[in-house]
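Participant: Fit chain B to the known structure of chain A by using the hints.
So the sequences go chain by chain: A and B.
Mind the numbering: the first sequence is residues 3 to 273 in the working numbering, read in order.
Mind the numbering: the second sequence is residues 6 to 480 in the working numbering, read in order.
Please keep in mind that the hints were generated in silico from the structure rather than gathered at the bench.
Some hints here could point you the wrong way.
Unchecked claim - Covered stretches of chain A, as calculated for chain B (at least 3 residues, CB under 8 Å): (1) 34-43; (2) 194-202.
Said to hold, decoys possible - For lysine-lysine, the following BS3-like pairs were computed, each having C-alpha atoms within a straight-line distance of at most 27 Å: (3) Lys183(A) - Lys128(B); (4) Lys89(A) - Lys183(A); (5) Lys89(A) - Lys128(B).
All C-beta atoms, glycine included, are put in the ideal place defined by N, C-alpha and C.
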Amino acid sequence: MSDIDDTAAVSRLLSFGFRPGLTPPRNAEYATLVQRCHTEPAFAQRLHAAARGFDLTVVAVNARAGLVLGATAETHFAASVAEHITKPADRPIAALAHLAIAALAFYRPEDLDDEVHVGRVTVRHVDEMVEHATTELERRAIEAGDDDGVPADQPDLIQLWRYYQRRNPVGLTDDDRAHSKSRRAIIKRVAEYLTNNGMLRRASTENGGTYTTTARYQIQVRELAGQKMLGELAALGVTVAADGKPTFTTPEPQSSGTPDAASAPSADPGA
Amino acid sequence: MAAPVLDLERRKALLTSGDWAPYQMEELALAAIDTVTLRMDFDDGAQHEDVVAAVARVAELQMPQRDRDEHVDVARWVLDNLVNVGTVDRGFNHVYGVVVDDAYTSHIYSFKLLREVAGPDGKPRLRASNEAIAVLVGAVDIDIASEQVAADAKLEALVGRGRLVDAHRAAEMALRRTVQYAEHIRTQLEGMRRDIRSVDWIGDVQHVQTEALDHIEERIKAESTIKDNLVQIMENSTEDAAPGQAAELIEILDECLQRHAALQTNLQEIGDRFRAEQERQTFVPPPRRSYVDIGRQLLEPVLCLSTEQAYPLIDEFATAAVPPHRPTVIYLPDLVANLMALPAEHDSDDNLIIDPIFGDRGDDDTFSDQQYAAVESLLRRADADGIRLSTLLTLARGTDMGGTGRGRIDHLLALHVLGLFGAPRHSPETDTILAASADARTLDDETFAGNDLLLTRYSVPIFPSNDDATEADRA
Numbered sequence: 003m004s005d006i007d008d009t010a011a012v013s014r015l016l017s018f019g020f021r022p023g024l025t026p027p028r029n030a031e032y033a034t035l036v037q038r039c040h041t042e043p044a045f046a047q048r049l050h051a052a053a054r055g056f057d058l059t060v061v062a063v064n065a066r067a068g069l070v071l072g073a074t075a076e077t078h079f080a081a082s083v084a085e086h087i088t089k090p091a092d093r094p095i096a097a098l099a100h101l102a103i104a105a106l107a108f109y110r111p112e113d114l115d116d117e118v119h120v121g122r123v124t125v126r127h128v129d130e131m132v133e134h135a136t137t138e139l140e141r142r143a144i145e146a147g148d149d150d151g152v153p154a155d156q157p158d159l160i161q162l163w164r165y166y167q168r169r170n171p172v173g174l175t176d177d178d179r180a181h182s183k184s185r186r187a188i189i190k191r192v193a194e195y196l197t198n199n200g201m202l203r204r205a206s207t208e209n210g211g212t213y214t215t216t217a218r219y220q221i222q223v224r225e226l227a228g229q230k231m232l233g234e235l236a237a238l239g240v241t242v243a244a245d246g247k248p249t250f251t252t253p254e255p256q257s258s259g260t261p262d263a264a265s266a267p268s269a270d271p272g273a
Numbered sequence: 006m007a008a009p010v011l012d013l014e015r016r017k018a019l020l021t022s023g024d025w026a027p028y029q030m031e032e033l034a035l036a037a038i039d040t041v042t043l044r045m046d047f048d049d050g051a052q053h054e055d056v057v058a059a060v061a062r063v064a065e066l067q068m069p070q071r072d073r074d075e076h077v078d079v080a081r082w083v084l085d086n087l088v089n090v091g092t093v094d095r096g097f098n099h100v101y102g103v104v105v106d107d108a109y110t111s112h113i114y115s116f117k118l119l120r121e122v123a124g125p126d127g128k129p130r131l132r133a134s135n136e137a138i139a140v141l142v143g144a145v146d147i148d149i150a151s152e153q154v155a156a157d158a159k160l161e162a163l164v165g166r167g168r169l170v171d172a173h174r175a176a177e178m179a180l181r182r183t184v185q186y187a188e189h190i191r192t193q194l195e196g197m198r199r200d201i202r203s204v205d206w207i208g209d210v211q212h213v214q215t216e217a218l219d220h221i222e223e224r225i226k227a228e229s230t231i232k233d234n235l236v237q238i239m240e241n242s243t244e245d246a247a248p249g250q251a252a253e254l255i256e257i258l259d260e261c262l263q264r265h266a267a268l269q270t271n272l273q274e275i276g277d278r279f280r281a282e283q284e285r286q287t288f289v290p291p292p293r294r295s296y297v298d299i300g301r302q303l304l305e306p307v308l309c310l311s312t313e314q315a316y317p318l319i320d321e322f323a324t325a326a327v328p329p330h331r332p333t334v335i336y337l338p339d340l341v342a343n344l345m346a347l348p349a350e351h352d353s354d355d356n357l358i359i360d361p362i363f364g365d366r367g368d369d370d371t372f373s374d375q376q377y378a379a380v381e382s383l384l385r386r387a388d389a390d391g392i393r394l395s396t397l398l399t400l401a402r403g404t405d406m407g408g409t410g411r412g413r414i415d416h417l418l419a420l421h422v423l424g425l426f427g428a429p430r431h432s433p434e435t436d437t438i439l440a441a442s443a444d445a446r447t448l449d450d451e452t453f454a455g456n457d458l459l460l461t462r463y464s465v466p467i468f469p470s471n472d473d474a475t476e477a478d479r480a
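The shape of chain A in the complex, shown without the other chains (with noise of 0.2 Å):
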């Protein structure tokens, strides 16, 4: 096939990474790409070069989950949290919201290895965790005698649990809707934001909105999201396990799965 041939079909693979509703076992055409990478080392290397192009990494390229692109906070297609959630008093809960719907339909670390694994997360349960580590924290705090005052200049400096616990979870409105800046009302905001990206599926309103995981967005919190976020803590100089768990061990480089795997930013937690 020709040079001009690869290049296309590279791009339509890429414009396919695009569409993250869009899965391979849906379309034969995204199959068939998906496949080629695989068989054809020349093929995902040429795609890998095309993402750099555009300032974006290939997490995986995946039977099930098709193309997974990653992208910097610094490229314009980074989807930052301020894009969808407009009242900046609710984007740090917004943004934590993102973070516990993984920690909860990933609890268990193995979650995240296993490829059959679907997480099940509901909008209370998401808040309820949350708030259950917000309560273990004001018992230490208070055990410890914390003050749990911040300056008045500097409301920012409010610990990121305190801020939590302040919002009501939910709210009385007098239309009976959710208040819309209750916990449980951005935590299904985030929700929806993620199935409408693929990256969760709704399987039920029960709960206040029940989603299952997708197996792109396991490979993206596994391979991406968690991996950064640990080596920007640590950059931060927060030691973890401190209660007496196994301390964290730096990933071995991945020996099976796809083969752009080395490609990801994942065994780099100092990066």
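Facilitator: Just chain B now, with coordinates in the frame of chain A:
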């Protein structure tokens, strides 16, 4: 912390909605907190309507001459202010000063009086915070367990001396302490249940469990004794008022006992719960590859950071956890339009689908009745020899329908003829069938293409096989 309650009294004069000055707002606020405190139990809170109703009753006692609607309005206002509706986090801030390194800085202390939490059905319920109970009992930062002992001792002494009026007040206080104690233990239990790996069974859980069980046992014993004393007083009393007061006291004590019993049940289950959680959480096979434990390694540390530090991190997590998308390019006319647009009132569509309101715009008929009539009269020209579509089209274009009609009458005609091609029409009056048929001739027309259909009208054959198609295509 009583400031929001006192503030109500000051602000009632500023209200323009009516003359609410005669109401004692502090008292109503305390009644609201009291109602919530007494209504909430181990797992559930008080419903808004119940609290409003209770406060409205107190308002009615204060101002019996005002009407019921006003009492409810006042009660709502008090409740809204205690929840602090209208602020982002529905809480209160108190500014206080601290001296750090010889420099005076002011700090904000945030607290809530009434928290809105989700009930079992997901609807909001109210729970009184520790601060609110502190306002109620007039104490801050106290060891609840010992306070409870003190409350009971006081009660016992008062009952012993037969001072039932005071004892009644003390008994109510003891009940509130009981609620506060239950709330305290509940929070501790919940933390443990969720976070099994950080809990030391021997040192932590068993300790709390034993302490709480001992406490409850003592309380139940003490309260039973007081109750027995009371019953004795009731039997021996010669005063008229005493039996009534004693009966009320016994009622309160009964509630204390009930609440203690409920707490005890919860405490006794904790061992089983711990083992169940342990099974679920701890005894799982170790991961094959070590990945990030999002809950413990990311969520918990980040919660301890300040919002200023944490936000960039979690924002980046959120960015990495969603797929990249095409950047929106700003188009200047759009920007101007967006800047000029009125802000949307709600930015969420949570839980509610708004039925769109359709304007009352009648459907405009594509063809007028006149045109239908004209086409019908043209179709009547068809006879047994037939008439060509092209002829009919020429005739149709020749008719003067005026205005909008002329441009479209040929369309209507063509549609009719096409309909007759598919479904011949039987007319009952003349007992004939009108049908269009195709032959080799093609239509030579500037608007339409295809076969030049031949429209014929013929008598019904002997066998009436046309009933299925007669009325099918009228329009």
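Participant: If a hint holds in the structure, say so; if it does not, say that too.
Facilitator: Checked hints:
no. : hint                  : result
1   : 34-43                 : violated (count 0)
2   : 194-202               : holds (count 5)
3   : Lys183(A) - Lys128(B) : holds (15 Å)
4   : Lys89(A) - Lys183(A)  : holds (9 Å)
5   : Lys89(A) - Lys128(B)  : holds (24 Å)
Violated hint: 1 only; the structure is consistent with all others.
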